[in-house]
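Asks: Sequence:
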Amino acid sequence: MQSLLRDLRYATRQLCKSPGFTITVILTLALGIGATTSIFSCVYGLLIKSLPFQDERSIITLSETNSQVKGASEATYLDYLDWRNQQTSFSQVAAYSTVNPSSVSLVIDGKPAQIQRVLASGNFFSLLGVSPVAGRLFDNQDDITGKNNVAVISASAWQTYFGRDRSTIGRSISLNGTSYTVIGVLPSNASFPAEGEVWLPLSLLDQPTRASRVWHSVKVLGRLRPGVSLSAARSDMQTVAQRLSAAYPATNRNEGIALDPLHDNLVSTLRPAMLCLMGAVVLVLIVACVNVANLLLVRATESRRDVAVRKALGANRQHLFRQYLAQTLMLSLLGGSLGILLASIALPLLRVALTHTEGFDESLLHSISLNFPVLLFTLAVCTLTAFLFGLLPAARTSAPLVDILRSGDRSSSHNHRGRAILVTTEIAIAVVVVFLSTLVVRSFQKLIAIDPGLRTDHILTAEITLPTPRYGDSSPLTNRFYEQVLENIVQSHGVLSAATTTQVPLRPSQVMTRFLIEGAPALAPGTFPYAQIRFISPDYFRAMGIGLLKGRTFTRSDIDSTTGFFVVNESFARHYLSSRDPIGANILIGVMSPTPSKIPVVGVVSNARDLGIDSDPEPEIYLPGYGLHAVLLVRTTLSSDDAATMVRNAVRAADPAQPVYHIETIDAVLADSVARQRMTATLLGSFALITLVLAAIGSFGVLSYSVAQRTREIGVRMAIGANRGDILQLILRQAAGSMGIGIFAGLVAGFLAARLINGLLFQTNITDPLSLAISISALVLVTVLAATIPALRAASVNPVDALRSE
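Read in order, the letters of the sequence shown correspond to residues 1 to 806 in the UniProt record's numbering.
Any given hint could turn out to be false.
What the hints assert, rightly or not - Think about it this way: if two alpha-carbon atoms lie no more than 16 Å apart in a straight line, the pair counts; the simulated EDC-like pairs of lysine to aspartate or glutamate are:
{"#": "1", "residue 1": "Lys49", "residue 2": "Asp264"}
{"#": "2", "residue 1": "Lys111", "residue 2": "Asp641"}
{"#": "3", "residue 1": "Lys446", "residue 2": "Asp616"}
To be verified - Label pairs and their calculated CB-CB ranges:
{"#": "4", "residue 1": "Thr682", "residue 2": "Ser268", "range": "30 to 36 Å"}
{"#": "5", "residue 1": "Gly110", "residue 2": "Val693", "range": "58 to 64 Å"}
{"#": "6", "residue 1": "Val228", "residue 2": "Ile48", "range": "20 to 26 Å"}
Hints listed in this document are in silico derivations from the structure and should not be mistaken for laboratory results.
Where is the CB? At the ideal position from N, CA and C, for every residue including glycine.
All chains, please: the whole structure from these sequences, using the hints.
Replies: If you want it as structure tokens, here you go:
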């Protein structure tokens, strides 16, 4: 122990003697370790750390698939019951729903607030293995009609609306005008789904939805039985799907069941980006280590005379080796400490970026922190980097005395070759990082340059969900409310237009309908085309800037029409009505019923990327009308805050008890829809910049030292006739050698690595010539700039002074 303390004291003295060197090394390591720690904390929290549920690896999501529709969707209630009753792989199967409606009005002290509602089966919480912080959670008895007037609330709702008052348990609350008794509070880190604020029994799902095999409205979870593998469960559920397809061909003919671990399901959209960022940041750390290794090699070479003297006086090799490693370990720990400080500053910014990412489950935010495993990882990185960049210089100082004395020749090719290899490695890694980041940045630029097909500027959105007890299924009441709200808004100062729809534009949704085209060739039984469907008010197309291509849009009288009318988008007309005039074509909907409705097309509008700008426009049907849930769209010249106040006042004037929620601008919705891509591009771009700076510093340092060591050689060359141009060319040729090999090796590695991130790219090929040109140009420019000063210094050497100094 005393020996270790002596080594550390010696290391401290040595480092204090060279403050410039010490600060440079610490800052270099801090950048590498800080970036690595920041990204690893996200990777650990999102991809590695277990969810706060009992044996969470055995919790599986079950989703419905259809061979005619991309991706997976929620299940119908009847399918959920059949899955639960016919499967043999799960000890429990539970369901929950976040639709119809997704929110309810909570009245506290006479003031309405809109909160997010989840309907959950009686065994939902027991499947998750969650325990309450107060009261109790649902059991199967609570999910029986007539006994289901109970509610469980989240910890945040308990704090926000009830001040964590223990007397909340057993208290009666009003939700959409109906009384429920609060029976329990969930832990703050175990609310699932994360957006939920109040959980009610699944038996409250409306009867038409419960009786339908068409309305996909419930999400299903299963807990694997002990000893049952995921592949076995998939085989089991495939058998169930085939059985249901045979029993209900009209609705289940093309249906399948997708099974995924819950954890994987929650992070599926972020996993590729996180792994890409982790790989990039490790490369940044390696470049930092190579830079420090170069600095330490130079320092070791300069101190060889001191080492030789100490060896001659009796110092043993092990002692010298240990002292040098103590220096590198101290540098690494100091760099790591500063890196942790940088990571603590970066993490809140990363959390904010993640919360704006579409589809991100905010319950995972609790896991992203500088917790013990992350700090342990940082300590391991510090120790590893100390050995990585310190081992070679330490070995040099502990070499036999005769070798040290022999290495005194300043033109030693061995030392020069070692540093050249390190610089070449640094350049190669820099090429990989710059090439990958350029591909991702180019991809992001192409993404945000896409025309969404609708207006995004100066449009405010706000959501309303009307309570069933007050409005029920009464269309006149609902219509009157929304028309009054729209009239109040349009008459307000600064409003250009206003409309309603059922889904927020540019936000992914799966509101689809089966249909048939009258007169089209017959399809196989149970096979129907699908289209997106949304209800809109008559001014929707004008407010959103969606152009009319043919026919007409809706009028106020269309809402009250008993016949009904459709407007379709260009994609629908091209896919299904290309062989005829779309105007007047009849579309059959409600095709699962004995008497489907026949509705004529009255107009065709231009495509809008309603599901997000990274999704191609899909066939879409628009219907005139209002529902219990609606999204207000207000085009205005007012500021966002003033517009939000105006909308609240307009709604309050129509119904004082009706809250408004999720108020945001379409620009913000658009920004959120590309938040993941923006975060990835920004971070990779930052890593590329750091790597370029480190590569420049590394090249500059090695070339500067090389010039200093070759001063006598340069003097001799100039004495026998070499001019300044020859010397300049000599040094630049040395830099060009490392640069050429490094760029070539980096491009080969970059193309291989680019295949791994292909899924992150939008309309960008991994052989994108512009990305290739930018990467090569950046490294050439950086290397030339780094070589210019040493080359000019070499060219300005006075041969007389150079020879006299020797």
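Asks: If a hint holds in the structure, say so; if it does not, say that too.
Replies: Quick rundown of the hints versus the structure:
1. Only pairs whose Cα atoms come within 16 Å are accepted, and Lys49 paired with Asp264 is accepted, the gap being roughly 12 Å.
2. For the hint pairing Lys111 with Asp641, the CA-to-CA distance comes to about 21 Å; that exceeds 16 Å, so the pair is violated.
3. For the given pair, Lys446 sits about 14 Å from Asp616 by alpha-carbon distance, which is consistent with the 16 Å threshold.
4. A beta carbon spacing of about 22 Å between Thr682 and Ser268 contradicts the range 30 to 36 Å that was offered as a hint.
5. The given range of 58 to 64 Å is respected by Gly110 and Val693, whose C-beta atoms sit roughly 60 Å from each other.
6. With their beta carbons about 24 Å apart, Val228 and Ile48 fall inside the hinted range of 20 to 26 Å.
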